[in-house]
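A.B. asks: Keeping their order, the protein sequence lines are chains A and B. In terms of the numbering used here, the first sequence opens at residue 1 and continues consecutively. In terms of the numbering used here, the second sequence opens at residue 1 and continues consecutively.
Just so you know, not all the hints are guaranteed correct.
Identical chains blur together in the list; that is why a pair holds if it fits in one copy or across any two.
The list that follows gives simulated cross-link-like pairs (lysine to any residue, SDA-like), each with its CA atoms no further than 25 Å apart [as the list claims (entries may be wrong)]:
| id | residue 1 | residue 2 |
| --- | --- | --- |
| 1 | K195 | I212 |
| 2 | K158 | N13 |
| 3 | K148 | D77 |
| 4 | K148 | S51 |
| 5 | K43 | R67 |
| 6 | K107 | E143 |
| 7 | K158 | N91 |
| 8 | K171 | Y84 |
| 9 | K195 | A180 |
I should point out that these hints are in silico values taken from the structure, not numbers from a laboratory.
Protein chains: 2
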Amino acid sequence: MNSKFLSGQDIVNMETQKRAAFVNSLTGFKSASLIGTIDNNEKTNLSIFSSVTHLGSNPALVGFISRPNLTERHTLDNILETKYYTINHINKQIFKKAHQTSARYPKNISEFEATGLTPEFISGMIAPYVKESHIKYGMEFMESHELKINNTILVIGKVIEVIVPESCLMKDGSINIEEAETITIAGLDSYHTTKRLAKLSYAKTDKPTIEID
Amino acid sequence: MNSKFLSGQDIVNMETQKRAAFVNSLTGFKSASLIGTIDNNEKTNLSIFSSVTHLGSNPALVGFISRPNLTERHTLDNILETKYYTINHINKQIFKKAHQTSARYPKNISEFEATGLTPEFISGMIAPYVKESHIKYGMEFMESHELKINNTILVIGKVIEVIVPESCLMKDGSINIEEAETITIAGLDSYHTTKRLAKLSYAKTDKPTIEID
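Same shape as in the complex, but just chain A (with noise of 0.2 Å):
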């Protein structure tokens, strides 16, 4: 492949749009998630966030991203008034559906209603989960940090309960999520199904490397 190199200053030059899509792609592959809440009037809400992260199995800790800007701070603002949360993953039949949650709707309409999904309250949490979600699981908001050099904002949580299909649990803990039809999002707007190349053997520096399963 024939390479092209960038300077900085040539993506500082970049037209704002195409700089966000250029810096969205950088990142490689990136998890697709709906995160749904609700505020103190039950009025729900729901979004599309792509950068959920692990941070830690023990505690079992997950952090995402919130902008500091209009769209995504009714999340933020539900988190912090309740306190509760829900990360729904993304499959093939509601992606079109999931990115709609993207637009700017005023906070008196729910990303719910206005797409469709079909809120679900499970057990005792009070945000809703999306009931077209095959993994799904309920957070407990734990603490935010403000990244000062951009005012963004990470927002850790603790994961108080799951729900995933039986027949995507893996005898060795893992979670199939190909198998659960999990998808996966590349740059803003490009929405991508998984093939598994394989499974490998826990590295080791005097063995080589080995597929499983």
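Based on these hints, arrange chain B on the given structure of chain A.
C.D. replies: Using the frame of chain A, we list chain B on its own:
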């Protein structure tokens, strides 16, 4: 799909390795990157990370999570020492070698030599790139945040240069990372290629989402 409900206590009760596999699967598909560094004695280091995340486009900021443990600290130590590092996409030709960098090699062994990946020095960047990687970018360290809740460290850097296949640069500014053969990771050890479902139009409240391209 038949669903299984797991409580927070069910997760706490899991055996350590199974819990790690479970919680690492929970956040969906992840970016697959090799981070290249060098120390002041010109010893190179290469390590796989699945937590590389877009933090902002202007300035172009990218973060990753460094666990407070032995294996991954070589990367962070080198970054703090020299301030520069490279992030290299993992493709299907090199994913086994990339996985092998997660073995706990001692500091005096370079994962480049141990795995057979080729260090490449481009422009003035002091940290090594991975020659076999198709999309790669040079980073300048900006700041780190210790997340007190579990002592992991969020490392933030600025993108200072990018090398990308010319044929993968799209008119809208995005990079076709699937065309560049970038892969994605599920959980701790599962590697996946992708297939694009669709690229969707910018979501508006008064228009339906449509496929573009």
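A.B. asks: Compare the structure with each hint and give your call.
C.D. replies: Hints and how they fare:
1. K195 - I212: both (16 Å within a copy, 23 Å between copies)
2. K158 - N13: between (40 Å within a copy, 15 Å between copies)
3. K148 - D77: Close inside one copy (19 Å) and across copies (23 Å); limit 25 Å.
4. K148 - S51: Both: 18 Å inside a chain and 20 Å across chains, each within 25 Å.
5. K43 - R67: Within one copy only: 21 Å inside, 38 Å across.
6. K107 - E143: within (24 Å within a copy, 34 Å between copies)
7. K158 - N91: Within one copy, since 23 Å is at most 25 Å while 32 Å is not.
8. K171 - Y84: So K171 and Y84 fail the 25 Å test inside a copy (30 Å) and across (41 Å) alike.
9. K195 - A180: both (12 Å within a copy, 16 Å between copies)
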